[in-house]
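Next come the chains, spelled out residue by residue.
2 protein chains.
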Amino acid sequence: MNWITWMRGVLLAMAATTISVPALLGDEGMWLFNNPPLARLAERHGFKPDAAWLEHVQKSSVRFNSGGSGSFVSADGLVMTNHHVASDALQKLGTKDRNYYRDGFYAKTRAEESKCEAMELNVLESIEDVTARVNGAVKDGLSADEAFKARRAAINGIENEENKKTGLRCNVVTLYQGGAYHLYRFKRYTDVRLVFAPEQQIAFYGGDPDNFEYPRFDLDVAFFRVYEDGKPAKVKHHLSWSKNGCADKELVFVSGHPGRTNRLATMAELAYTRDIGFPFLMQRLYRLEVLLAAFSARSEENARQAKEMLFSIQNSRKARVGGLGGLLDPELMARKAAEEKRLRDAAAADPKLKEAVGAWDKVEKAHKVRAEIIRRYTLLEGGSAFLSDLFGVARTLVRAAEEKSKPQADRLREFIDSNKEPLELELFSEEPVYDGFEIVKLADSLTFLAGELGLSDPLVAKVLAGKSPQARAVELVGGSKLKSVAERKKLYEGGKPAIDASTDPMILLAKLVDPESRELRRRMETEVEEVKRQAYNQIAKVKFALDGTSTYPDATFTLRLSYGVVKGYEENGAKVPPFTTYDGLFKRSAEQKNKPPFDLPPLWEKKKPALDLATPYNFVCTADIIGGNSGSPVINKKGEVVGLIFDGNIQSLVLDFAFSEEQARAVSVCSQAIVEALNKVYGASDLAAELTAAK
Amino acid sequence: MNWITWMRGVLLAMAATTISVPALLGDEGMWLFNNPPLARLAERHGFKPDAAWLEHVQKSSVRFNSGGSGSFVSADGLVMTNHHVASDALQKLGTKDRNYYRDGFYAKTRAEESKCEAMELNVLESIEDVTARVNGAVKDGLSADEAFKARRAAINGIENEENKKTGLRCNVVTLYQGGAYHLYRFKRYTDVRLVFAPEQQIAFYGGDPDNFEYPRFDLDVAFFRVYEDGKPAKVKHHLSWSKNGCADKELVFVSGHPGRTNRLATMAELAYTRDIGFPFLMQRLYRLEVLLAAFSARSEENARQAKEMLFSIQNSRKARVGGLGGLLDPELMARKAAEEKRLRDAAAADPKLKEAVGAWDKVEKAHKVRAEIIRRYTLLEGGSAFLSDLFGVARTLVRAAEEKSKPQADRLREFIDSNKEPLELELFSEEPVYDGFEIVKLADSLTFLAGELGLSDPLVAKVLAGKSPQARAVELVGGSKLKSVAERKKLYEGGKPAIDASTDPMILLAKLVDPESRELRRRMETEVEEVKRQAYNQIAKVKFALDGTSTYPDATFTLRLSYGVVKGYEENGAKVPPFTTYDGLFKRSAEQKNKPPFDLPPLWEKKKPALDLATPYNFVCTADIIGGNSGSPVINKKGEVVGLIFDGNIQSLVLDFAFSEEQARAVSVCSQAIVEALNKVYGASDLAAELTAAK
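If you're matching them up, the sequences are chains A and B in order. Letter by letter, the first sequence follows residues 4 to 698 in my numbering. Letter by letter, the second sequence follows residues 4 to 698 in my numbering.
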């Protein structure tokens, strides 16, 4: 950032306080397909997609119900997505002898295409605004609780009725935090077969060090095919393939399913997140990352035990570093402040919105409570003080014994009957528990507890029971019988009498902590979460009153259209170009002496001479995306696939709170790279031909 | 720990409050050679070394003035120490083509023994108690300042006079924090030649993951030879070699130079360290370790740039984890509390000690101030908010301009004339500064600053100057000219006018921070350090009045005798045996697939068939040691070398504050392993024969 961009932020902020249109920044927005940003597109990019273009893109887009996006890329039901969206399916399809996740998969013939269990793809067929019907069911004068039930009943009624009528999956989607309700009708595909996946090492090339980074060199692609009646589905809409991909500065679209954004977050919430929430979370992530990395470095077996947890912590840490970077950007915060002022002024000025006037203060008050209790809450109820699988088991057993005797409505939510199955699945999992790893995690987290709350805290003293954290961890893990699933079942089925009688040290610890832990949870749920829910509902009403549907709603894991331009950026004073090439991949590998995670799969070493190294490989664009967009097609004005979204850079991690296009970028695989790899590396020329066949 | 040991701690604590002998624990103590623990040794181990034994061990012990210990192991002046004590010399002896540090060194003939520049070894010839002479020079009625000067003059006088008289290096050593003054006369050896060192990879086998850990597999040994008049020195005293090493439970001695202990630390200081000092330091270490590890993982060049800093942070982190573990051990703290009560009761009961009565409260008060200012002090004066070599240069330039105009006595200590040379050496160092690395460190530390003090802090706002930490770091590093040594010289020589006129952004930042930073330093020096110094002086007087020389003084990097037994311990519920073997080394390497840092040097792979794999390799004992003891010989009752100290385990890191023998262990190389490696791996049979030659 320099003073020019700083001033631009200030001017934007000023502009936003004097005119009452929402302060959209540049190519911001995750737009509804039934409300696309036509005027803004025309004005900024001189392009106006017609209804046919929109319908075609909409119906070519696919949602993976496991959490991800995709698109039809042939008339025969071929679906493109990311390797990391396909990874669950790849792991499940593997056998003792074949590791498809690691080694890749290619069905040379249709017969070899492998059916994936429990996979469902949805295609959005139509959208209908049902706001009036839903709101009509909520009579004036109902209490909040009654209103909630009446609305729920209306929504269930619409969904059931529409499903019977159309045979389609029908969902009423709550948009604008309750400002609008739209009925989404989806065609369901449940016979989904794996067609192609590359090696995980090329799909996630560079591993954690390159995760959320750019330049990038990942072939994060996989292909499935949907079948109907045992035959490849003939789909009416599919995207055709761009052989030449996209160019620098070109306008591109992303059609996919962003999962969740919190762009209404008030300044008080953002300040809390920036000053308390993220720093405290990062403190724990840093500590755990070092703990696990040091533990892993001691032996291969340790590394194997800690691998999954370590990667997840590294991923979270990177995400928070990126998010915090955004929250510390004064320009972004000035825009958020200006938008807040616009909404607060409007609430103050309009008697119809007077209920919302106090909403911002309510959010602020809720965050004061949150700040007050966050450390104890995280340590005790969040379990940061007791990082141990066995402690988790003990807590579940202790709580189950108590909760099962209560009426459904009064129970903690994880103990209501509808959650019984997943709860028991986890509780009785035969997944191994390693004593050494348990002790290392527990000793460290007890040490963290002592450091955070002090040894003189009465609960800390009771938890440590006159021992050092290390000695106490040894005693707890060594003395507990909860490693035995049979023992867990005995205590679970024995209910409260069994728990009361138990002398298992982990059970005793869970019982010791439970009263304060439950009280902290009660405060967090009632004094923070519920207060926030109500206040944000009022703030959303103000925004909807001002902007209506002239802007986009927060992400809801339903289909959205984003747009932007292919564009590099500046980082640490250096220019980051928008494209990488295959040549860059081999150079990166050579620079890193082909050491993991920068090693190349053997096939890539072998096929290098055949590849056109100048082929564009990955690229970045300014489109507004977030988690859930993984696997989304990147489309040009002609509606052709030019790329495949697979990540955001680290600067994009603030998009949860606010759009930014100075450095935040969506990261994609180039369409040309996919075809080049299929032809030259994988000998998958049939698949390449299917993709590139003229429409 | 179990309830038995817990009770043992309680009983010990009770005992200490009722009888007035110092609460020595087990084989505690870093004893003076002129005051060895004869009675305790006889009582506990039925062994009473005679004067000849003590003189022989004393005069066979060697101090490396670079900071380490060693011993004579042949009549021809052969000195044994650690590879890591020799590492500086090894690196300096290396050439462009020969990396002795990495690849090892062996002089097959005397002619090949290589002289080490600026290396001095000292051997303690005699000790004389000069307490009366020193104290006699301090007349009654002098002010503290006058008393200090009078004592200094007396000490200087004794040293000069003795040096003239004997030709030896003579130092008056302050023991028992001023309770006693002993004159140490050393023979100096300044012609020191390298004889043998193994590869760094076998000396520091297991690298950071195994550092401070046990079981261990390190051949951390090196040999030098002292010369006089160009010929190998004929030394009267040297240790003979034990071919069979030591056995489990055997009594052993360590003769070496422990650097520094703080065993007088009050409960208030220990609580501060446990609850505030260490947790805050560890929070920074965890953060930096992740930052540097993530930076390093991105490229080999990054890894090269960050390597030294990363290792030093990992080492510190491990040390603090160990130290904190000890401070969180209730048994250890109960002992400390009992000892404090003993001293306080004595001070209260004896009118002659009445000045000391308030000393503990003074230390507590000092730590309240320390707790109050530690965050801002560490961030601003400690520089944790500005981790950048260029910021360091800027601060030195800004302060030098101001300090140089002051009288010597009023200057910050690093700017007095006697420090001019090292200061300028560092300031004008041509060591490269890497922009990318500078930005990564500075952006992270500015983010840490914002998180710790909050964005609304006036100084934080000025430091960030309306930018995000990332953007500000880019601006500061990119805009500064201080990478140029010529520019630094210009500003240094230009003095205050040059600094006042400078618009270099780093200079401006250093100037911005300086007023508050200096004020924090002033408070730390006067309200914390000086208060502590005076209070501990009074506490030491109480202890000396009670115990006199019936116990050992805190470590002072002078020769001490420790003793203990060869003994394994329990860790995480598992037994850690006292010995490892060469077989274990090869097993560890195989388990780790010979990947760094668990790879074996090629010569070791090759010579494996020749080795007796059952040879004991490393062992642990309970002797009371600390940093400075590296390279100390481990000696049996016959005065033979059975091992070579090279590390402590992680549980030993609390020995700074208190002795402990439940888990704390000194880690050594077995004498047999050294001879076996010399003969079978290195073909150094002449050297092996010199070691093992009958005396």
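Wrong hints could be hidden among the right ones.
Each pair may be met inside one copy or between any two copies, as identical chains are not told apart.
As the list claims (entries may be wrong) - The calculated PhoX-like cross-link candidates involving lysine-lysine, where the alpha carbons are at most 20 Å apart (straight line), are:
(1) Lys596 x Lys310
(2) Lys310 x Lys598
(3) Lys321 x Lys514
(4) Lys499 x Lys578
(5) Lys465 x Lys486
For the record, the hints were derived by calculation from the structure and aren't laboratory data.
Given a CA cutoff of 20 Å, do Lys499 and Lys578 count as a within-copy pair, a between-copy pair, both, or neither? Neither, since 64 Å and 38 Å both go past 20 Å.
Identical-chain pair category, Lys321 with Lys514, by Cα at 20 Å: Neither. Shortest intra-copy (35 Å) and inter-copy (33 Å) distances fail the 20 Å Cα cut-off.
Between copies, within a copy, both or neither: which fits Lys310 and Lys598 at Cα up to 20 Å? both (18 Å within a copy, 17 Å between copies)
Since the copies are identical, ignore which copy is meant and state whether Lys465 and Lys486 lie within 20 Å (CA to CA) inside a copy, between copies, both or neither. For Lys465 and Lys486, neither the intra-copy (24 Å) nor the inter-copy (55 Å) Cα distance is at most 20 Å.
Checking an output row: Lys596 and Lys310, CA cutoff 20 Å. Within, between, both or neither? Only across copies: Lys596 and Lys310 sit 17 Å apart there, 23 Å inside one copy, limit 20 Å.
Consistency with the previously given hints fails for numbers 3, 4, 5, ordered from lowest to highest.
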